[in-house]
Amino acid sequence: MTEWDIIWAARDDFLYGFANTLVIFALSALLAFVLGCVIVYLLEGPKSGPRTLLRWLINIMRTLPFLILAYLLYYGLPTLGVRLDAWTAGVGALIVYHGAYFAELLRGARVVLPGGTVEAARAYGFTTFTMFMRIILPQLLIRTRPLIGNQLVICLKDTAFLTIITVQELTAAANSVQSTYFIPLEAFVVVIALYWLISICLEVTIKQLGRFGKKRGFEHA
Amino acid sequence: MPDLPAVAIERLSKSFNGIEVLRDVDLTVNRGEVVSILGSSGSGKSTLLRCINWLEQPDRGAIRIGGQRIGVDDNGRRMPARELAALRAKTGMVFQSFNLWPHLTVLHNVTEAPIHVKGVAKKEAVRTARELLDKVGMAHKMEAYPYTLSGGQKQRVAIARALAMSPEVILFDEPTSALDPELVGEVLGVMKDLSAEGYTMVVVTHEMEFARAVSDQVVFLDKGIIIERAAPEQFFTAPETERVRKFLELKQ
Ligand SMILES: Nc1ncnc2c1ncn2[C@@H]1O[C@H](COP(=O)(O)OP(=O)(O)OP(=O)(O)O)[C@@H](O)[C@H]1O
Ligand SMILES: [Mg+2]
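Here the protein sequences come in this chain order: E and U. So for the first sequence, our numbering puts the first residue at 1; every next one is plus one. So for the second sequence, our numbering puts the first residue at 222; every next one is plus one.
Derived from the structure by calculation, the hints contain no laboratory data. Computed from a predicted model, the values in this text were never measured in an experiment. It cannot be assumed that every hint is accurate.
What the hints assert, rightly or not - Selected chain E positions facing chain U (Cβ under 10 Å, derived; list incomplete):
no.	residue
1	R51
2	R107
3	V112
4	G115
5	V118
6	A120
7	R122
8	I135
Claimed, not checked - Lysine-lysine pairs mimicking BS3-like chemistry, simulated, CA-CA at most 30 Å apart:
no.	chain 1	residue 1	chain 2	residue 2
9	U	K343	E	K214
10	U	K343	U	K311
11	E	K47	U	K311
12	U	K344	U	K362
Virtual Cβ for every residue (Gly too), placed ideally from N, Cα, C.
Using the sequences and the accompanying hints, generate a full structural model.
This is the structure we're talking about:
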């Protein structure tokens with residue numbers, strides 16, 4: 001039996017990990033993205049105490065290493081009486097962490113969004129919510145498309161950290177196979193290929209979405 | 222309420238960083254009237270216009286749109302955001318830099334506010350938009366995105382967008398100042414048609430011929446004070462103040 005035969009024999013472990021990684025990634029990326037949008041909406045309006053606090057929270061999140069946050073939710077929260085299972089803690093950590101990044105990325109685009117279109121919406125009687133949903137957010141998304149793609153890839157890679165808090169995802173599967181049969185090279189090559197596969201799909205999708213911006217004159221390169 | 226003026230401004234004052242930009246401005250715009258606001262750069266014309274729909278908050282004074290006080294009530298209490306938005310929806314505004322929504326087609330630029338602010342049914346909004354785009358000569362560009370249009374075309378779409386809300390008054394802030402000279406005429410032409418149809422308009426402009434031909438009332442702002450107001454013939458042929466005489470000479 002060659003090393004590759006062993007890998008093939010363990011394919012169910014890999015597939016299980018792969019499926020789990022996909023689910024974790026899809027769920028946390030989606031919710032993180034929604035969280036980011038909600039935060040930017042909440043930041044809409046004049047400076048205020050709560051908004052300053054929110055900005056601080058985003059910054060704290062962004063300056064924290066992701067692994068520490070995952071540790072904190074999984075090992076730290078029980079001290080406060082909140083016990084989350086590994087999966088929930090892991091997904092929760094991904095959501096708040098990348099939610100903060102999405103928020104910051106959209107906020108950056110909001111700051112430099114030409115004011116005229118927003119002013120026109122205000123003059124035409126849009127309420128803040130409708131204005132955000134119909135006028136501001138669509139423009140922010142078109143303008144930040146490449147950055148969003150980048151953030152999604154980072155989010156995908158961060159799912160690998162969850163192996164350390166015992167979540168049974170792709171990296172965990174590889175680790176278990178390599179340590180059982182002592183074939184680290186093959187096991188990790190397979191994992192890298194699978195992460196690549198997801199990343200490439202993401203890239204292609206994000207690239208396709210560039211059509212929206214091109215059609216509307218937002219993108220020139 | 223046919224007698225209530227479309228816009229009534231009383232003793233309006235506004236400062237930016239302690240510098241008074243408008244002082245005790247009184248202005249009444251009756252229904253169907255076109256009022257032109259003239260004045261040199263920095264005299265406060267835009268600020269006055271932007272106070273009317275509360276894009277700028279005045280420090281003192283009262284503004285009424287169709288009789289209804291905007292921004293604050295008579296006891297000085299702030300208007301709830303929703304009411305303010307609803308009152309703003311009764312005014313239309315046309316900007317120097319067009320400010321079309323770049324992610325929406327021409328058609329959707331015109332239907333957006335009627336559908337999502339006024340709650341007009343989509344079908345009806347589209348029908349109205351078609352008519353209005355036809356009126357401003359832009360029906361053939363319905364599916365185009367704003368970035369593909371010339372400045373004059375953008376401004377005509379912006380005017381259709383304003384009309385789609387059936388506003389009590391349309392505020393124009395130098396609508397032709399960002400246009401190449403050969404495109405100015407097409408926009409002024411549309412505005413002339415509107416005045417002939419009885420739309421109520423407040424127009425900040427540097428187009429003297431237009432102001433003279435179309436206005437019912439011309440108002441001259443100097444350092445935030447209305448120093449002269451008159452019917453256009455009188456304003457342009459026999460101005461009362463030296464300041465206006467100088468201004469008109471330079472515009473010749
Ligand atoms: N948001 C603001 N903050 C500070 N100062 C302002 C602001 N808006 C306008 N001003 C000042 O108020 C004065 C009047 O400005 P306004 O834009 O109303 O003039 P205007 O008559 O429209 O001039 P223009 O013909 O150049 O458009 C100017 O001195 C301007 O610098
Ligand atoms: Mg101005």
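Verification of the hints:
1. R51: Violated. Min distance 16 Å.
2. R107: Because about 19 Å separates E:R107 from the closest Cβ in chain U, which is outside the 10 Å limit, the hint is violated.
3. V112: Because about 14 Å separates E:V112 from the closest Cβ in chain U, which is outside the 10 Å limit, the hint is violated.
4. G115: Hint on E:G115: holds, closest Cβ of chain U at ~9 Å, below 10 Å.
5. V118: Hint holds; E:V118 Cβ to chain U Cβ min 9 Å, cut 10 Å.
6. A120: holds, 4 Å
7. R122: At 7 Å from the nearest chain U Cβ, E:R122 passes the 10 Å test, so the hint holds.
8. I135: With Cβ-Cβ at 6 Å, under 10 Å, it holds.
9. U:K343 x E:K214: The given pair, whose Cα atoms are some 27 Å apart, holds under the 30 Å limit.
10. U:K343 x U:K311: holds, 19 Å
11. E:K47 x U:K311: At roughly 28 Å apart (the allowed maximum being 30 Å), U:K311 and E:K47 satisfy the hint.
12. U:K344 x U:K362: Given that 30 Å is the threshold and the Cα spacing comes to 19 Å, the pair holds.
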